[in-house]
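> From first to last, the protein sequence lines are chains A and B.
Using this note's numbering, the first residue of the first sequence is number 1, and each one after it goes up by one.
Using this note's numbering, the first residue of the second sequence is number 1001, and each one after it goes up by one.
FYI, nobody ran anything at the bench for these hints, they're computed from the structure.
From the three backbone atoms N, C-alpha and C, an ideal C-beta is built for every residue, glycine too.
Warning: the hint list may mix true and false statements.
Here are some, though not all, of the chain A residues that point toward chain B, as calculated from beta-carbon distances under 8 angstroms [to be verified]: (1) E35; (2) L36; (3) V93.
Straight-line alpha carbon distances no greater than 30 angstroms define the calculated DSSO-like cross-link-like pairs of lysine-lysine that follow [as the list claims (entries may be wrong)]: (4) K2(A) x K75(A); (5) K98(A) x K1389(B); (6) K2(A) x K1389(B); (7) K1008(B) x K75(A); (8) K38(A) x K1073(B); (9) K1168(B) x K1073(B); (10) K1409(B) x K2(A); (11) K38(A) x K1166(B); (12) K38(A) x K2(A); (13) K1409(B) x K98(A); (14) K98(A) x K75(A); (15) K2(A) x K1073(B); (16) K1093(B) x K1008(B); (17) K98(A) x K1093(B); (18) K1093(B) x K1073(B); (19) K1166(B) x K98(A); (20) K1154(B) x K1073(B); (21) K1168(B) x K1154(B); (22) K2(A) x K1093(B); (23) K1093(B) x K1154(B); (24) K98(A) x K1008(B); (25) K1093(B) x K38(A); (26) K75(A) x K38(A); (27) K38(A) x K1389(B); (28) K13(A) x K75(A); (29) K1389(B) x K1409(B); (30) K98(A) x K1154(B); (31) K12(A) x K75(A); (32) K1154(B) x K1166(B); (33) K13(A) x K98(A); (34) K1093(B) x K1168(B); (35) K98(A) x K2(A); (36) K98(A) x K12(A).
The lines below spell out each chain.
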Amino acid sequence: MKYLLFCCMEEKKLETISRSQRDELMDETRIYCEELHKSGHLLVSNPLEPVEMAVTVRVRNGGISLSDGPFAETKEQIGGFFLIDARDINEAVQIASKFPSVRLGSMEVRPVVDLEK
Amino acid sequence: MSEVTDSKVRELVEEVYREESRRVLATLIRLLGDFDAAEEALHDAFAVAAEQWIRNGVPSNPRAWLVSTGRFKAIDGMRRRARFDASLTEHAKQLESALYPLEEPDDESIEDDRLRLIFTCCHPALAPEAQVAMTLREVCGLTTEEIARAFLAKPSTIAQRIVRAKGKIRTACIPYQVPSETDLPARLDAVLRVVYLVFNEGYSASSGGSLTRHDLSAEAIRLGRLLVELLPDPETMGLLALMLLHDSRRVARISATGELILLDDQDRSLWNRDQIIEGTILIERAFASNQVGPYTIQAAIAGVHAEAPQPAETNWAQIVALYDLLMQAGPSPVVELNRAVAVAMRDGPLAGLSLIDSILRRGELSNYHLAYAARADFYRRLGRTTEAKASYEQALGLTQQEPERRFLKRRLAELHDYG
C-alpha cells in the first residue's frame, strides 16, 4: 500500500538550530532516503520551499482569487513529502519514526486511496 | 536470463514470502532482539532475494538464506546509522559477536522460534485486544488494515495498539521464549483464548459484510493447526476440533437471506464432512491422553451433534453426560444453561424449565438473551404461549445482534399466528 508522509515542522524552530546541526539533519535525512529508496520503500520525495513562498488559489464567482501563504495558518508547516510503499500502516509508521526530523517536528502518515481497486 | 524466467523467479519469491516470511520473521526477532528491526530485516532480505535469485538462481535452502541475509542487512544498516548515533556502534558490535560464527539455523530451532513468537504476542502483560492484534499481524501475517476491517475498527486504532504492544515488550523486557514447564499450562491457556476469540469474532458475525470476518475463522483454524503441529497438547487439539466442528456448519447455519438457522432446522447435508472427520479424529486423540479439558469436551458435544443424521437421532443422554463433565472441568452459568437445554431434550421441557428458572433466580444470567430465548422455547413447547411471548420479548430487549433479533421476532410472530 502507498502512504504519503508529510514532514511537519515549525519553520521557526528550524531557524533556532545551528547551521552545522541543520546540515547534519539534512545529511542524515539524505542517507535515510537513499536507504529507503534502495529497499524499495521510497517512491518519490521532495523538500518544499518555506510557506512564505506559497500562494493559495481559489475560483469564486468565476474569478481567480489568490492569497499569500498556505491554505491554513497552522503551528507546524509542511516542509516536505515522501511517497512510500509499505506492507501496512504499522510499517509506514515505523518508517516515518526513523526520519530525523520527527525528533523536532512530526510526520503525518496518510494512506493513499488505491483507485484501481 | 529471459523475461519468462524472471517472472517465474518473481512468482517464486512471492510464494516463498507466503510460505516462509512468518518463520523467518520469528527467527529474526530472536536474533536481532527487536520486532521492528526484524520486520525491516525481513523486508530487506526479500528485496535482496528478488534481485539475486534472478541473477544467481534460488538457493537450496531459501529459509536459511533469508535468515542469514536478513541479519546481515540488519547489522549493515546499524553500522551505517551509527555514523549519527554512536550508541548504535556498540549495539552493532554486540550483535555481530553474538551472531558470528554464522551457524546455519536448523529447522527445529526455527519451529521453536514460531512458538516463541506466539507466546510473546499472547503475553499476559499485553491487553487482550493487543494480544489479538499482535497475533494476527505477526504470526498470521495480516496487515493492520485487514485486522481493522475484520474488527470494524479504525486502522489508526489497531496501529496504535500494535505500536504500544511492541513498546511494552521492549520496555518490560518481555523475554522471547517458550514458557517454562511450570508456566506452560497457564500461558498456553492464554494463547488458546486468543485463538478462540479470533475464531468467534469471525464465526458469530454472520450478517452484512461478513466476508472479511469469516476470514478470521479461517485464520483461527490455521493458527490452531499450527499450534497442534508445534505443541500437540490435548486442549490444543480440542480447540482445533471445536473450531472445525463449528465451522463445518457454517454454510448450513445462515440462509441465503442472512437469517440464522438453528441446529435443528439446518440442512445437514451441507455440513462439511472433511472438517467433521478431522475434528472427530482430534477429539479421539485428545481423549486418549486422559487429560480432557473444556475445549475438548465442547468439541465432543459438537461431535455428537455432527454424527446425528437427523435432529431426532441426537444422542441427548451422551450430550448431558458431556455437559456434566464440562461442569467439572470448566463450570460457568452459560455451561449450566446449555446443560439445561440438553436435559430438556432428554427429559422434556418441564425438566429444562425448572433448571433454567433456578439459574435465572441466581441472577448470573439475568442480562443474557439466550437464557430467556431458551426459557421461551421451553414454554412454547409446553404450549404456554403467554409466558413464551413474555420471555421472547425479554430476550429481544437484551440483544443487538441483527440475525439473532430477526430470529426472535420470527418466533414471536409464529406464536401470534398460533396463539
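> Taking only the CA atoms, is the gap from K38(A) to K1073(B) under or equal to 30 angstroms?
Given that 30 angstroms is the threshold and the Cα spacing comes to 12 angstroms, the pair holds.
> Tell me if the straight-line CA distance from K98(A) to K1154(B) falls inside 30 angstroms.
holds (24 angstroms)
> Please verify whether K12(A) and K75(A) have alpha carbons no more than 30 angstroms apart.
It holds: about 10 angstroms lies between the C-alpha atoms, which stays within 30 angstroms.
> Holds or violated: K2(A) and K75(A), Cα atoms, limit 30 angstroms.
Holds. K2(A) to K75(A) sits at ~27 angstroms (cutoff 30 angstroms).
> Verify the proposed pairing of K2(A) with K1073(B), using a straight-line Cα cut of 30 angstroms.
Holds: K2(A) and K1073(B) sit about 24 angstroms apart, inside 30 angstroms.
> Take a quick look at whether K1168(B) and K1154(B) sit within 30 angstroms of each other, Cα to Cα.
holds (21 angstroms)
> Check the hint pairing K98(A) with K75(A) against an upper bound of 30 angstroms on the C-alpha distance.
holds (22 angstroms)
> Are K98(A) and K1389(B) close enough, with their CA atoms no more than 30 angstroms apart?
With Cα atoms ~62 angstroms apart, K98(A) and K1389(B) exceed 30 angstroms; violated.
> Straight-line Cα separation of K1093(B) and K1008(B) no greater than 30 angstroms?
Roughly 38 angstroms separates the two Cα atoms, so the pair is violated.
> Would the pair K1008(B) and K75(A) pass a check requiring their Cα atoms to be no farther apart than 30 angstroms?
violated (51 angstroms)
> Check the hint pairing K98(A) with K2(A) against an upper bound of 30 angstroms on the C-alpha distance.
holds (18 angstroms)
> Verify the proposed pairing of K1093(B) with K1168(B), using a straight-line Cα cut of 30 angstroms.
holds (25 angstroms)
Taken one by one, the earlier hints fail for this structure at numbers 2, 5, 6, 7, 10, 13, 16, 20, 22, 23, 24, 26, 27, listed in ascending order.
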